[in-house]
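As they're listed, the protein sequences go chains V and Y.
So for the first sequence, our numbering puts the first residue at 19; every next one is plus one.
So for the second sequence, our numbering puts the first residue at 4; every next one is plus one.
It is worth saying that the hints were derived from the structure and are not from the lab.
Heads up, a few of these hints could be off.
[What the hints assert, rightly or not] Covered stretches of chain V, going by a simulated chain Y footprint (3 or more residues, C-beta under 8 Å):
{"id": "1", "stretch": "54 to 66"}
{"id": "2", "stretch": "91 to 98"}
{"id": "3", "stretch": "132 to 138"}
{"id": "4", "stretch": "151 to 165"}
Values in this document were obtained by computation on a predicted structure and should not be read as measured data.
The beta-carbon is built from N, C-alpha and C at its ideal position, and this holds for glycine as well.
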Amino acid sequence: MGIEQKLGNMGVVTARLEDVVNWSRTNAMWPMLFGLACCAIEMMSAQSANHDMSRFGMELMRPSPRQSDLMIVAGRVSRKMAPVLRRLYDQMPDPKWVVAMGDCASCGGVFNNYAVVQGVDEVVPVDVYVAGCPPRPEALIHGIVTLHEKVRKEKFKDWA
Amino acid sequence: MTQIQEVSLDEIRHLVSDRAISGETMLLNMGPQHPSTHGVLRLLLELDGETVVNCIPDIGFLHTGIEKNMEAKTYQKAEVMTDRMDYMNTVGNNFTYSLAVEKLIGLDVPPRAQALRVILAELTRIQSHLVWLGTSALDVAAMSVFLYCFREREEVLHIMELVSGQRMMTTYIRPGGVWRDVPVEFEKAVRDFLKIIPQRIDEYEAMLTKNPLFLDRTLGIGPISAEDATNWGLTGATLRASGVNYDLRRFAPYSGYEQYDFDVPLRTEGDVYARYIVRMEEMRQSVRIIQQALDKLPLGPVRSNNHKFVPPPRSEIGTSMEALIHHFKLWTEGFSAPQGSVYVATESPRGELGCYLESDGGPKPYRVHFRTPSFDNLQVLPFLSKGFLVADLVAIVGSVDIVLGDIDR
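Using the sequences and the hints given, assemble the complete structure.
Shown next as structure tokens:
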């Protein structure tokens, strides 16, 4: 079956190191357990049994930024929260990615006012934007699969 | 980019005891990013070993400016903001706001719309309690309850999606009635849900109510007497767990709650466990209310016929000149409410959710203020947690059932 037959008895497979590393990064991308507002509830839905985000190697949400690879900014970021968010991002070890979940995190959403940061990309670099208010769990999973596609094409020299 | 200001001891001297200044007790920062604070709540803890000496909540990390933003929108358009306030009780927020607008302009709501509002508000209450149960059980290390609760929550969200097209932010209840009539599948969907949910609630209770690990974490933790609870201004299940019989659905019925037969669950212990029992029972009572409302669901219009305030049906716009004018007027400049102010309160899953509206006679509210239950319930946290362990504090925060969107708005 599969790879064993192709290998014969060599026990060796050749691949580019970049591909192997990127493959392993996509399959165990631990998100940070970090919810801000409404979208956090849908993020919890995506984690729960019906949607089961663990199919993408994401069953483990780390409450500590130092153990996580992915920050899902789930909800509106207020001016008071923005510096905290940046500090959390800085504490995450490389390689790290950011998904802006929902309209508020992407562009401010319905809140165009003094209190809300108009898009979290003012504070941290964002890889994938997920639209919706709040996005369905399926939309979040789609955003994560899109991020995986992006990660598979990454080059080492971009991180160096 | 503003930088985080490191706080010096001098600046917080007035908040903490002298023992903390001398270094005898430890100051620990819990949150705003912490899995057990149910959002972005920051607690400054003063600890003696592992015992909480003082707990100072720091709120505002989710301040969204909703009340101010609503002043810039017409009465209809401002409603979209209310969903995003207490995001576990989206329908209830629309409900309270709509009742306030209706009271301000003196609008009658058809009986069918009233019953539909009750059904959806009670479904939301079940949904909110399910999320509360799942997350607060998770806080005391019962992982599987979370998965079960979210399974049933999906069922409620399917019903919400059926009636409004959105899972959470429905904006289905609007001033003057509801957005449109429910689809034909609605009744079956709700009945199917009512069939499964009582046994599912039993299932959760089987996992927790007599579980010795759960009892150890909740019995006698964070107690509050009836007198203290009233003095602190608590409402909702947190108050009723202390033995005060105060439920706005019974005390000051709105939207036809007086027609339904239901009990107000009460406990007298006032601890974390009592709050758990009260909320479990509340879910069962909600099922009863929905059952009765669905059985007696009257036929008829779902929106008021007063087209000065409520948009006419789409079908009339092509044939009636007045309908077209009303439609145009309502969606461009909105309606003008008479001068004055109103306060309307409803029973949200967390307690008394009040909406204060002040009108200067124009098409936009002059001032909107929400009396949110989480905000008033949060202030009791230092009182409840003093003398308990940090691990108990997590259970206490969970049991008060705060939603940060509700607090900061």
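Each hint, compared with the structure:
{"no.": "1", "hint": "54 to 66", "result": "holds (count 9)"}
{"no.": "2", "hint": "91 to 98", "result": "holds (count 5)"}
{"no.": "3", "hint": "132 to 138", "result": "holds (count 3)"}
{"no.": "4", "hint": "151 to 165", "result": "holds (count 3)"}
Hint violations for this structure: none, all hints satisfied.
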